[in-house]
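K.L.:
These are the residues of each chain, in order.
4 protein chains.
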Amino acid sequence: MKFGGTSVADAERIRVVADYVARTVRRGNQVVVAVSAMGKETDDLLHLATQVSNTHPGREMDMLITAGERKAMALLCMALHDLGIDSASFTGSQAEIITDTEHTNAKILEVRGDRLRQALEAGWVPVVGGAQGVSTERDVTFLGRGGTDTTAVALAHALGADACEIYTDVSGVFTSDPRIVPEARRLKRINFEEMLEMCAAGCPKPAMRSVEYARNHRVRLHVRSAFTWEPGTWIEEEDPDMEQAIISAVVSDSSEAKLTVTGVPDRPGIAARLFRALADRSINVDMIEQNVSLAGTTDISFTVPHEDLATAEQVCLGLETEIGAHDVLADPDIATVSIVGAGMKTHAGVSATMFETLASEGINIEMISTSSIRLTCVVRADLAEKAVVALHRAFKLEGE
Amino acid sequence: MKFGGTSVADAERIRVVADYVARTVRRGNQVVVAVSAMGKETDDLLHLATQVSNTHPGREMDMLITAGERKAMALLCMALHDLGIDSASFTGSQAEIITDTEHTNAKILEVRGDRLRQALEAGWVPVVGGAQGVSTERDVTFLGRGGTDTTAVALAHALGADACEIYTDVSGVFTSDPRIVPEARRLKRINFEEMLEMCAAGCPKPAMRSVEYARNHRVRLHVRSAFTWEPGTWIEEEDPDMEQAIISAVVSDSSEAKLTVTGVPDRPGIAARLFRALADRSINVDMIEQNVSLAGTTDISFTVPHEDLATAEQVCLGLETEIGAHDVLADPDIATVSIVGAGMKTHAGVSATMFETLASEGINIEMISTSSIRLTCVVRADLAEKAVVALHRAFKLEGE
Amino acid sequence: MKFGGTSVADAERIRVVADYVARTVRRGNQVVVAVSAMGKETDDLLHLATQVSNTHPGREMDMLITAGERKAMALLCMALHDLGIDSASFTGSQAEIITDTEHTNAKILEVRGDRLRQALEAGWVPVVGGAQGVSTERDVTFLGRGGTDTTAVALAHALGADACEIYTDVSGVFTSDPRIVPEARRLKRINFEEMLEMCAAGCPKPAMRSVEYARNHRVRLHVRSAFTWEPGTWIEEEDPDMEQAIISAVVSDSSEAKLTVTGVPDRPGIAARLFRALADRSINVDMIEQNVSLAGTTDISFTVPHEDLATAEQVCLGLETEIGAHDVLADPDIATVSIVGAGMKTHAGVSATMFETLASEGINIEMISTSSIRLTCVVRADLAEKAVVALHRAFKLEGE
Amino acid sequence: MKFGGTSVADAERIRVVADYVARTVRRGNQVVVAVSAMGKETDDLLHLATQVSNTHPGREMDMLITAGERKAMALLCMALHDLGIDSASFTGSQAEIITDTEHTNAKILEVRGDRLRQALEAGWVPVVGGAQGVSTERDVTFLGRGGTDTTAVALAHALGADACEIYTDVSGVFTSDPRIVPEARRLKRINFEEMLEMCAAGCPKPAMRSVEYARNHRVRLHVRSAFTWEPGTWIEEEDPDMEQAIISAVVSDSSEAKLTVTGVPDRPGIAARLFRALADRSINVDMIEQNVSLAGTTDISFTVPHEDLATAEQVCLGLETEIGAHDVLADPDIATVSIVGAGMKTHAGVSATMFETLASEGINIEMISTSSIRLTCVVRADLAEKAVVALHRAFKLEGE
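Protein chains in written order, with the numbering used here: chain A, 1 to 400; chain B, 1 to 400; chain C, 1 to 400; chain D, 1 to 400.
Here chain A stands alone, though its shape is the one from the complex (with noise of 0.2 Å):
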């Protein structure tokens, strides 16, 4: 069980998680609560830094940021009391949770968790401060932004608990974005592949990196609405006996550019030269295709987040000479469409099926890419969700 972001935006929502909790805890389940900082302090407190200063230590900020749940936590803990139930705060240190020693970004090492368990026994309610750790030289860490999921899942996985649920503002994952499919569909369960592909194509919650913890030491999750609190999307590990779905979803995203550099002598390293000065300037190239043509030079295009889109095409521009390209194009206007499902292992004509569907709205195909589960495709923006509302017909998601 955890609770973050919006679901504990104030103090209102925190006696309602209370409320939730208590009710969980009289039903005779045993629960742990990881709670994030209060609606948008996070983003309150990193403010406060830029406004005062330039200078940022990792040690003094990962000491302010962690203040939020600090606070969070302990007026949960306040709350719970007020109704009842025992219960009592604990700091990222005083759980055990042990982190290496990369500031405002640490991983974790090892949770040890013997104060939970103790608490645990006694009947009591932890409620641990998320996204927080004690870096192995004994200072406060922070896990990271969305990092309270992370906390959550390793101590489910460290207490070994059934599963860990994770309350959210939305109630679970869906078949496509109701915003474009009105009929979309929530998922009552999904696998962890099918999750992180989703991830991986533009689907925004849950956090990818606590999807990945999830699934590394095979803990269940429950994503779901701290709201409505009906029950939401499981994300598990795939069930061989039962049957699959062909597609579960399909994603867009519209948060990439193309850049495309044309002309390109066909000699071996040209590509590795390219991509090495890219990724110097820590520019995240996400789908590569290269065409050949009979000249015997290639176009090799590629994608990039906007925001790094000025500075690839500058690095290109810089390189033009040097490799002998024609041309760079820079192309701010495309989207992705990717449908992702575990059933596209074993059935022909998925492919099929997404490009026909495609070329009947008349849509474009500008790039293709594939992993075994999912299958992309770059297309203009402005027809993205044209073609978003007519994949998810096409492979008969509303129903059900």
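Rather than coming from a laboratory, the hints here were simulated on the basis of the structure. Please read these numbers as outputs of a predicted model, since none were measured by experiment. Heads up, some of the hints might be wrong.
[Claimed, not checked] Result set (DSS-like, lysine-lysine): computed pairs, CA atoms no more than 27 Å apart in a straight line:
1) B/188 x D/396
2) B/386 x B/205
3) C/386 x A/188
4) D/188 x B/386
5) D/107 x D/205
6) B/396 x D/188
7) B/188 x D/386
8) B/188 x B/345
9) C/205 x A/188
10) A/386 x A/107
11) C/188 x A/386
12) D/107 x B/188
13) B/205 x B/345
14) A/188 x C/396
15) C/345 x C/188
16) A/107 x A/205
17) D/188 x B/188
18) B/205 x D/188
19) D/396 x D/188
20) A/396 x C/188
21) B/386 x B/396
22) A/396 x A/345
23) A/205 x C/396
24) D/396 x D/205
25) C/386 x C/345
26) C/188 x A/188
On the provided structure of chain A, position chains B, C and D as indicated by the hints.
P.N.:
Showing chains B, C and D alone in chain A's frame:
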């Protein structure tokens, strides 16, 4: 050096304070800073606690409230780094400020401060979270409102500092309240005893508790402005060689009310019965006066804080029959006017001057209370300001 | 279209909402937005008012509180401009929402809205500050908590909109509280009368006042999620051609307590005397039940809100002698359980099913109250959840 | 009387300010109060605007920002009511402060103030929202940062007040910065011209714009502390009968940097070309100095704000060839030191004393600029404090 309250109200003020610390360090001083929470953060946290719960376990309250100082200390360190000053933040626990276990109002038992000494030796500026410590049971504790002044004094004592500077929103201690006496003058120095009498007589700053700690450990205080940075008022031991002003200040206080129990038989034990009953209801009685009449009965008058008047009246009425009193009179419309000065001890006629001055203004004195260096009169509330102005003039406090 | 409460909690949410408005406009819709204050701003302003003063003149309170909506509306306009959508903000006064002069809880008298119509004709999106208007005496007025829903409905009516969308933190109206009945189902549609009965029976959202306004002016409401944006629940007039579910929802409420006055002589005027006395103390009595005994005396039971129980008990005790009652019994440990459904009107046996279901669970019914489409029973508080679960199953509300 | 910035930082300060207003009213004064937003609210609102949008239409910005003063004025009115003082709040529009249409930085065109006069005649205290007005096109306008001082001065003028009191966090205007010169003294009075020269030379308070408005309309200002309430500094017209101090203050400023363009041919139009190019980039040039060498070339030095140094250097380098310059030298490590005093006009030898003082401290003068009552020297930045201390002593400003 201590910074607190108003002086770190927001990000801009933190940068201003860091600039001032940097100037001080660059002039060759070793500096330790105790910071309190920013602006009204402590109030906000207390309000949050009342919003989420009626139950406020001390351990969780202290975890909650000390988050404010954690933020301020981390931010001040960042701002110092930005100015090229090496600094590190220390929680009360990291600074080894050991307290008793009385949560929300803990007392300092010992200040070890080894890590602070190491930091100072390395040329760093330690920034310590104010008003906090670690209990003998290893829990986080809070020293109470205004506790940052106490932290500063305790650190100054433990580290053998020359003096403890208290930066605040006022520029020092005045001969009277300038809202009442515009010609009131800032005092260059005042001794501990006078300052404590002024605190007791209604002077709102500095906090009495920190002055007591300073007197007990012979730490010189310098109360000064964190806005204009001009030199303020030194609070220190009396210098026997220096000529004393007879009177240092005129202070008034309208926070008390008067109760009179009339016609009580003049028998032993009556007063004891009455004041024990008041003490059992936690009512702080300040001044007490008893006049025996020729008829063998007596009137007992005493003052209590305004907010306790109703309860105190109830207590007296409840005892009316038992102690044989004639009547109970509550009078909320009084104020005290006090003159304070170490020179009173060796100068005759001070009280005469005070009484004559009030008389010549037509102000009736209703009760009188004295200490060796203070003389307090109870007068009608609406005449208190007139009394203060007249006394300030009579004792020539405006001159220099 | 209306946005309020949680949905504009912070800057990020304002951008998300602007994005959604922009999508809606680009699909060819004319949109008017009513926004409430961000997050807990209204609470914060009320708290500030209690901090500065015990006196709260209505004119100044409304000036203070409406500042929250002013901020939200200006910010949402900026965010819309950023997305290329022309928009302009309008205060209640600029939108010509005329109210009476009852400050802090004003009623809408008339919505002129000429400037909104001009803005719409010019292709702009008007963003209106929620819960505010201008009184007939030209002062700023506030419509009360939850007033933004009322503003939205009033604008929808005045401007002849097809429907009024209420975006909130829940995704619609459920057949029961999913915290109690995990298999509770979101309703696709519900008629005004059922919704009003559900509000009266304890369903917390939407606000009863706005539903009443909508029913009176025949404005269709669509209650939906501002987090997942999936279609929610339509609240509209009953469609006589459509087959009705017999029961639409099971609702419980534990906010009331019971008082019983026993042994009252069975004479005219006794009850009138009692309930007049309660009304004079502004106590809202909900359910009332009276049983005449063979002995010619009667017991009168009724429910009042928990917070009024002590006062109500005092009132009854004060009348004990006058009305010749035997005893007054206060019982705080009750809850109501209600079933609501338009189909009840035409189906026999609904009440029998309810009573049998409760009986078979061993739950005793203490009081009963009915309307044409609602049936409410008072039960022991600790059995209410069990009752809700059993009734939800008995009326097969989980199926689809 | 005006209260702003720090002085109404929070609820407690609003009560303190209300208490002070009440005292002033009870002494028989008619009072009008202009309040600015509480604490850093204006900053917070601006930050919100940058968070939600890159587009900031002036009309919406002013609607947003003026919400801060609305809140403060309503709260102050409530606090005054609590103390038995009748008061009413007025927005800029209700106070009939008419401005031009330049949003976010509007200029006052006219103050009608009929409603304020009526309120005063009825014995009420009008509380006016600072820094706001209504444009000639009936939109809400904001006067810019620090605009509450301007509102206060404009109201004092329009209502024929004796004086305008500016309550702030400093206790007046000092002969120098006490952080640098601890023996700096608060000035009892200073004339408008001196104050304006001090503002121009780097004195941070009061805001230059309000001093200019006060001089133009002959409104006496009293700058004083809202913490100690002691009398501060009067800013008024020069009294020809009063003996003038030769020098009133020593001010330094390290916010500027120096640029030197060397070896420019000594031809007409060269400087014009250079400074037009700088003006076209909106760079504010402060001091300018030109030395013609024997060789017929000249060096042009000038100062610009630090933040414009890089742009200004670029502009000069871009013109290097065109104007035939030899080199462009940027020097960020300078500071200005200024002496200001109305007595300079009639006393010879002031400049000689300044130069001798700097020389005897071994401080080199790099540029000189004068007005009739100010003398400014550019020196190395790290010597500026030494220069200020020496000049303060040389002109005997510490004496009284």
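K.L.:
So, for every hint listed, does it hold in this structure?
P.N.:
Each hint tested on the structure:
1. B/188 x D/396: holds, 21 Å
2. B/386 x B/205: Since the Cα atoms of residue 386 of chain B and residue 205 of chain B sit roughly 23 Å apart, the hinted pair holds (cutoff 27 Å).
3. C/386 x A/188: holds, 26 Å
4. D/188 x B/386: holds, 26 Å
5. D/107 x D/205: holds, 20 Å
6. B/396 x D/188: Distance of about 21 Å is within 27 Å: holds.
7. B/188 x D/386: Holds, because 26 Å separates the two Cα atoms, which is no more than 27 Å.
8. B/188 x B/345: holds, 21 Å
9. C/205 x A/188: Distance ~26 Å between residue 205 of chain C and residue 188 of chain A Cα, so the pair holds.
10. A/386 x A/107: violated, 40 Å
11. C/188 x A/386: This hinted pair holds, its Cα atoms lying about 26 Å apart.
12. D/107 x B/188: violated, 45 Å
13. B/205 x B/345: holds, 24 Å
14. A/188 x C/396: Since the Cα atoms of residue 188 of chain A and residue 396 of chain C sit roughly 21 Å apart, the hinted pair holds (cutoff 27 Å).
15. C/345 x C/188: Given that 27 Å is the threshold and the Cα spacing comes to 21 Å, the pair holds.
16. A/107 x A/205: Measuring from Cα to Cα gives roughly 20 Å; hence the hint holds.
17. D/188 x B/188: holds, 19 Å
18. B/205 x D/188: holds, 26 Å
19. D/396 x D/188: Holds - the C-alpha atoms of residue 188 of chain D and residue 396 of chain D are around 16 Å apart, at most 27 Å.
20. A/396 x C/188: With Cα atoms ~21 Å apart, residue 396 of chain A and residue 188 of chain C stay inside 27 Å; holds.
21. B/386 x B/396: holds, 15 Å
22. A/396 x A/345: holds, 18 Å
23. A/205 x C/396: Violated: residue 205 of chain A and residue 396 of chain C sit about 33 Å apart, past 27 Å.
24. D/396 x D/205: Answer holds: residue 396 of chain D to residue 205 of chain D is near 23 Å, not above 27 Å.
25. C/386 x C/345: With Cα atoms ~26 Å apart, residue 386 of chain C and residue 345 of chain C stay inside 27 Å; holds.
26. C/188 x A/188: holds, 19 Å
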